[in-house]
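A.B. asks: Hey, can you work out the whole structure from these sequences and the hints?
Here the protein sequences come in this chain order: A and B. For the record, in the first sequence the residue sitting at position 176 is 176 according to this note's numbering, with numbers rising by one throughout. To convert, count from 1 in the second sequence and add 1000; that's this note's numbering.
Any given hint could be a false lead.
[Claimed, not checked] Dumping the calculated DSSO-like pairs for lysine-lysine here, alpha-carbon to alpha-carbon at most 27 Å:
no.	chain 1	residue 1	chain 2	residue 2
1	B	1067	A	124
2	A	19	B	1009
3	A	124	B	1047
4	B	1099	A	124
5	A	119	B	1047
Worth flagging that the hints you see were computed from the coordinates, not collected in a lab.
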Amino acid sequence: MTTSTGTAVTTQVYRVYIKATPQAIWDAITKPEWTERYGYGGLSEYDLRPGGAYRAFASEAMKKAGAEMGFPTPDVVVDGEVLEADPPRKLVQTWRMLMDPDAAAEGFTRLTYEIVEGKGGVTKLTVAHEVEGAPKLAVLLAGGLEDTGAGGGWSWVLSDLKSLLETGSPMDPGTR
Amino acid sequence: MTDDDRVFKALADPTRRFLLDQLFARDGRTLTELESELEMSRFGVMKHLRILEDAGLVVTRRSGREKLHFLNPVPIRLIHDRWIDKYRERQVSALADLKHELEGETA
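C.D. replies: In structure tokens form, the structure reads like this:
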């Protein structure tokens, strides 16, 4: 389909409302003791200043799954650089998936987290992932490879994060 | 109305499902683009988009002077994870129970 206005937009936008403080959500995104408890479950390491490094490390489950499927899992599965850190409201960073060689070859993408406090203790978390020039990564992030055991992408991660922060436990602890 | 109610209400309309399908095919569209696909007034399309936004199924972001509409799949995922999975589990365990029953493994 062609349209007269707008260019092809290759940004994925995800939003979830969580009954938690902005600080709790910020911590869950940036602190390793939280990042290992939901979603893909790897430990994340952030140097929260412009130019600071971001790295996510492979969890034991990732290494095990990789070994079962017959490929090695790198120690660092995602890397990037912090572009803007305004705790607990906004985090902008680059993001490159290293677990899969095809996705790694697509290079760095740009990821923005926006945290806005709402009424009644409910906070709005918006994730915008700019995946221009990274079609393979885009499929993974949209959950298109879930059936192959590659996780359900951002929707799955954010649903799990909501569950963890609201109930104290992730959706299915058995998978990690 | 709960969040789930809003999602189901938003999905219970063919025009709104059509709008979601449009965004699924290609995300980040302006109102003008979405409107061009429908035999409906601009106001009518805006009204439907508002209901989708209230349900969290559509998220808008500014890009320069344009307001772009994005499909947000998270509310559907939440319903799937918290609601549909529950019934599926019960179904599976019911079948497992039946199997045990038939095979005489349970007393």
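A.B. asks: Output the numbers, in ascending order, of every earlier hint that fails for this structure.
C.D. replies: The structure breaks only hint 4.
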